[in-house]
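*Asks:* Here the sequence shown is numbered in this note's numbering, starting from 10 and rising by one per residue.
Just to be clear, a hint being listed does not mean it is correct.
As the list claims (entries may be wrong) - With a straight-line Cα cutoff of 27 Å, these simulated DSS-like cross-link-like pairs (lysine-lysine) come out:
no. : residue 1 : residue 2
1   : Lys59     : Lys86
2   : Lys86     : Lys133
3   : Lys50     : Lys86
4   : Lys42     : Lys28
5   : Lys94     : Lys128
6   : Lys86     : Lys121
7   : Lys50     : Lys39
8   : Lys51     : Lys33
9   : Lys33     : Lys50
10  : Lys39     : Lys18
11  : Lys54     : Lys86
Said to hold, decoys possible - Label pairs and their calculated CB-CB ranges:
no. : residue 1 : residue 2 : range
12  : Val158    : Lys42     : 21 to 27 Å
13  : Arg81     : Gly56     : 28 to 34 Å
14  : Glu32     : Tyr88     : 19 to 25 Å
Calculated from the structure, these hints are not laboratory results.
Ideal Cβ positions, reconstructed from N, Cα and C, are used throughout, including at glycine.
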Amino acid sequence: MELDEVDLKILKIIQNDAKYPLEKIAEEVKVPKSTVAYRIKKMEKMGVIKGYFTYVDPASLNLDYLVITLVRARYGKDYHDSLGKKLSQLPGVWGVYFVLGDMDFVVLARFKNREDFMKNFLEKLINMPEIERTSTHVVAKVYRETPYVTIDEEKVNIEEIKNGK
């Protein structure tokens with residue numbers, strides 16, 4: 010990947026507002042508008058930019074019952090791939106991470122309330138034969154939650170990116 014400081018500045022701007030006008034990006038980054046458009050297209054083709062989305066406040070949809078479930082799986086051939094995919098398909102799930110340590114997966118999910126959680130998630134989870142044990146934590150209060158990647162041009166080593174490290 011051949012990213013430079015200009016690409017990182019553009020990413021930082023459009024990550025916060027994908028509809029930010031190209032003219033304004035060009036002004037802030039101090040390059041022509043055509044360069045900004047070219048750089049964005051290049052990063053889309055490279056897979057650096059995977060898509061664009063609208064950030065919806067979960068509470069506005071009454072989805073503020075947030076749970077974090079730790080899952081210990083039964084080991085077997087390719088268990089992490091098959092179970093990871095299966096966990097990803099459960100209702101309410103928006104994040105599944107295969108982790109190293111005492112537990113195998115961290116599952117993040119949102120629901121309307123405890124009943125919704127129990128009926129649409131927990132019942133399905135505890136009936137999966139691939140799961141040995143779970144531990145679910147209900148989030149009492151969210152202090153920070155963001156889908157964004159922190160882009161700090163001062164800390165990103167452009168040479169490492171260029172060398173694929």
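*Asks:* Now tell me if each hint is right for this structure.
*Replies:* Going through the hints against the structure:
1. Taking the CA atoms of Lys59 and Lys86, the gap is near 31 Å; set against the 27 Å cutoff, the hint is violated.
2. This hinted pair checks out: Lys86 and Lys133 have alpha carbons roughly 22 Å apart, not beyond 27 Å.
3. For the hint linking Lys50 to Lys86, the alpha-carbon distance of about 40 Å lies beyond 27 Å, and the restraint is violated.
4. Of the pairs offered as hints, the one joining Lys42 and Lys28 holds, with about 14 Å between alpha carbons and a cut-off of 27 Å not exceeded.
5. For the suggested pair Lys94 and Lys128, the alpha carbons sit about 20 Å apart, so the restraint of at most 27 Å is met.
6. About 36 Å separates the Cα atoms of Lys86 and Lys121, which puts this hinted pair outside 27 Å; it is violated.
7. For the hint pairing Lys50 with Lys39, the CA-to-CA distance comes to about 18 Å; that is within 27 Å, so the pair holds.
8. Note on Lys51 and Lys33: the hinted pairing holds, with a Cα-Cα distance of about 19 Å set against a maximum of 27 Å.
9. Distance check on the hinted pair: Lys33 and Lys50 sit about 17 Å apart at the alpha-carbon level, within 27 Å; holds.
10. Restraint check for Lys39 and Lys18: the C-alpha separation of about 10 Å stays at or below 27 Å, so the hint holds.
11. The hinted pair formed by Lys54 and Lys86 fails the criterion: a straight-line CA distance of about 35 Å is larger than 27 Å.
12. The beta-carbon spacing between Val158 and Lys42, approximately 25 Å, falls within the hinted interval of 21 to 27 Å.
13. For the hinted restraint 28 to 34 Å between Arg81 and Gly56, the CB-CB distance of approximately 33 Å keeps it satisfied.
14. Distance hint check: the CB atoms of Glu32 and Tyr88 are about 51 Å apart, inconsistent with the given range 19 to 25 Å.
When held up to the earlier numbered hints, the structure conflicts with 1, 3, 6, 11 and 14 and fits the remainder.
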